[in-house]
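Engineer: In case you want the letters, here they are:
There are 2 protein chains.
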Amino acid sequence: MGVLKGACVIGQSGGPTSVINASAYGVIKTALESDVITNVYGASHGIIGILNDELYDMSKEDPEELKLLLNTPSSELGSCRYKIADPDVDDTDYKKLLEIFKKYDIRYFFYNGGNDSMDTCNKVSRYMEKMGYECRVIGVPKTIDNDLFGTDHCPGFGSAAKYIATSVAEVSRDNRVYPTGSVTIIEIMGRHAGWLAGAAALASVCGEGPDLIYLPETVFDMDKFLTDLTKIYKEKKNCLVAVSEGVRYADGSFVSEAKTSATDGFGHAQLGGLAAILANVVKEKTGAKVRGIELSLLQRAGAHLASQTDIDEAFMAGKVAVEKAVEGVTGMMIGFERDMSSGSYECKYILVPLASVANAENTVPLAWINEEGNGVTQEFIDYALPLIQGENSRVTENGLPKFAKLKKIKAE
Amino acid sequence: MGVLKGACVIGQSGGPTSVINASAYGVIKTALESDVITNVYGASHGIIGILNDELYDMSKEDPEELKLLLNTPSSELGSCRYKIADPDVDDTDYKKLLEIFKKYDIRYFFYNGGNDSMDTCNKVSRYMEKMGYECRVIGVPKTIDNDLFGTDHCPGFGSAAKYIATSVAEVSRDNRVYPTGSVTIIEIMGRHAGWLAGAAALASVCGEGPDLIYLPETVFDMDKFLTDLTKIYKEKKNCLVAVSEGVRYADGSFVSEAKTSATDGFGHAQLGGLAAILANVVKEKTGAKVRGIELSLLQRAGAHLASQTDIDEAFMAGKVAVEKAVEGVTGMMIGFERDMSSGSYECKYILVPLASVANAENTVPLAWINEEGNGVTQEFIDYALPLIQGENSRVTENGLPKFAKLKKIKAE
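Sequence order for the protein chains is X and A. The first sequence begins at 101 in the working numbering and counts up one residue at a time. The second sequence begins at 101 in the working numbering and counts up one residue at a time.
Hints may be right or wrong, so weigh each one.
When chains are identical, the list treats them as one kind, so a pair holds in a single copy or across two.
[What the hints assert, rightly or not] Derived pair list, reagent style SDA-like, types lysine to any residue, alpha-carbon separation capped at 25 Å:
#1 Lys337 <-> Lys510
#2 Lys389 <-> Glu357
#3 Lys167 <-> Gly490
#4 Lys196 <-> Pro279
By construction, these hints were calculated from the structure, which means they are not laboratory data.
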């Protein structure tokens with residue numbers, strides 16, 4: 101491949117994470133330092149910003165402010181959830197994209213997101229190729245859910261896992277403080293994959309693990325749950341439960357959406373989510389003091405607890421994306437491969453064809469869930485533990501986080 | 101006062117905080133080093149442990165493990181919520197206490213808790229005096245609610261405030277990530293006092309403050325709330341709300357317990373707490389994407405974000421309690437006085453008569469709440485900001501917190 105001179109654009113898409121900005125920084129910093137990339141643009145709210153011609157000139161930003169992206173949660177360029185059409189069905193958006201790419205001489209497109217975003221990436225890549233417009237397209241992965249196909253793990257997961265494990269450990273101490281007994285149910289994100297709920301088990305490494313963990317990969321049985329819980333509660337006078345928001349009954353319906361379930365005894369819509377529903381069922385059944393806690397946005401925004409390993413890898417994914425694109429790679433997502441050959445964890449990048457990633461889903465292997473379906477195995481812990489290592493060196497000011505505040509000057 | 105030789109006991113009581121163990125460590129370490137204190141006992145689950153003759157010998161603990169108490173959340177000795185009778189009405193418990201005190205030659209009683217615990221402390225102090233049993237009784241304050249009377253602020257508040265402000269700042273970034281708009285409502289502890297809800301405003305110091313804050317000190321008006329919120333949402337396409345769990349309607353009823361409120365349109369009990377109730381009302385009214393987040397136990401257990409200022413002061417409160425008791429002080433709580441004479445914040449201890457603290461409540465001055473009743477003034481921020489300063493130096497292992505694990509060897 102020859103040298104391809106031109107501008108690049110980076111967009112962020114889907115639900116944010118604690119480290120998606122570290123990936124963006126990896127792209128932006130590396131692109132700004134490149135000899136062949138002529139301009140570096142950030143798209144406002146992902147693909148929508150490109151379609152609306154809302155691009156920011158990253159060269160106008162203060163380098164020190166950009167560096168703060170390493171510890172700034174959420175998607176600083178703005179995100180979107182925009183499902184782009186199949187170009188063979190409707191190429192309106194693609195024509196517009198091509199127009200904007202030509203306007204700014206964009207020859208590099210980096211898209212920072214999850215499953216859907218890799219699908220977008222793949223479609224854009226194919227369209228540009230079909231139209232004979234030379235443009236190198238690379239996907240930069242992110243998702244707290246860790247469900248991206250073709251990679252050992254995904255930037256964003258390690259930090260959310262560290263947040264979850266630390267919070268579970270802390271709440272575990274609180275849950276057993278009174279002699280009168282107490283049950284706490286912690287609801288964790290991950291609608292289709294149980295990686296995050298499983299991460300609660302990491303707290304067991306410091307002796308504070310939950311008693312029961314339920315993942316969406318196995319069928320949720322309310323009676324079995326109540327039996328398991330009651331047994332533990334009777335023995336210990338307390339019980340800590342971690343449960344994925346995505347757990348479902350045998351008929352496929354989400355427990356969180358149960359409206360007329362005989363087992364929970366309610367005939368109306370629940371407002372408070374799964375943790376509140378389960379807390380109420382347990383309260384009725386056991387008479388215990390029960391709290392439901394939903395980690396909600398906290399777990400994906402908790403940058404103060406981001407794992408340094410995750411930050412470093414997220415940055416590397418962005419950096420390698422630019423380096424590989426400049427070398428001529430296109431139509432790929434940056435993925436990770438785990439190397440344990442030295443005896444300790446090392447992470448190496450790999451290139452994964454976008455077409456293979458798009459819309460595939462990587463769930464927790466059933467062999468990593470215990471036989472009772474209420475916990476994970478040591479294999480799961482061995483897998484996840486390296487990803488939460490390293491206390492980050494975030495910048496604080498006045499005892500508060502100092503997040504990046506970009507000037508976002510519109511590209512000319 | 102002469103030298104009083106004898107043993108001491110420390111008990112922890114009420115809802116735990118991130119730093120109540122730092123106070124316990126202040127007591128235990130100082131007492132172990134004292135020449136006149138012969139034995140140092142920890143009571144299992146506060147006053148209940150004394151009544152049940154369940155005391156742990158603190159001299160049997162590893163000093164390094166005890167030191168980990170500085171960063172260990174919850175009450176490591178165990179807590180209780182035990183309302184002791186008035187000794188003039190029923191002196192059963194007091195007789196038992198005296199029996200145990202005599203058995204172990206306990207001459208120093210340190211009680212680490214909030215309002216109710218100071219009441220217990222006061223009653224025990226008066227009873228022992230009446231019975232002619234020389235015993236010095238000192239209260240060591242704790243509460244995240246910051247509602248203790250007679251002290252500028254209370255150990256536990258600063259750390260919870262730092263957790264809240266940091267979490268609000270992080271969620272604030274997440275709340276405005278999509279172009280489609282979003283409302284997030286964060287429910288914060290503090291049933292009668294709005295110090296913690298007000299602490300959400302500290303996030304404004306780093307430019308990420310909530311748009312609206314509601315404290316229990318003012319009447320909550322659902323229509324006014326919806327008007328305020330809708331105005332902001334229309335302007336900005338997003339809105340971040342912090343609300344105390346204790347907000348009440350003009351008739352005195354808790355908004356969180358509203359069962360038949362015409363304004364929220366529901367005729368049944370809500371499960372998910374205040375945030376879920378308000379989220380649903382806002383969703384119906386505005387059609388916006390709304391999330392309710394309840395910080396729940398996370399805010400009082402979040403030791404990883406404890407303010408070093410708070411940890412230091414909590415330790416000092418315990419240390420001074422022992423020093424003063426040894427000097428002859430009794431019937432007092434250790435309180436704090438703020439000294440700004442050097443131009444910057446300094447904290448000095450004071451002695452507050454237990455009788456004046458017991459069952460009194462310190463709420464947010466109305467002058468520190470804005471005229472609209474939906475935010476706090478700069479005075480509030482100036483008051484609270486010094487208390488969240490200092491990143492703590494907690495010990496981690498395997499990327500997880502390393503909490504104190506005491507051996508808890510029963511006293512002989």
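Engineer: Indicate, hint by hint, whether the structure satisfies it.
Structural biologist: Comparing the hints with the structure gives:
1. Lys337 <-> Lys510: Classified as between; 21 Å across copies, 60 Å inside a copy.
2. Lys389 <-> Glu357: both (24 Å within a copy, 18 Å between copies)
3. Lys167 <-> Gly490: Classified as both: same-chain Cα gap 19 Å, cross-chain 22 Å, threshold 25 Å.
4. Lys196 <-> Pro279: Classified as between; 19 Å across copies, 65 Å inside a copy.
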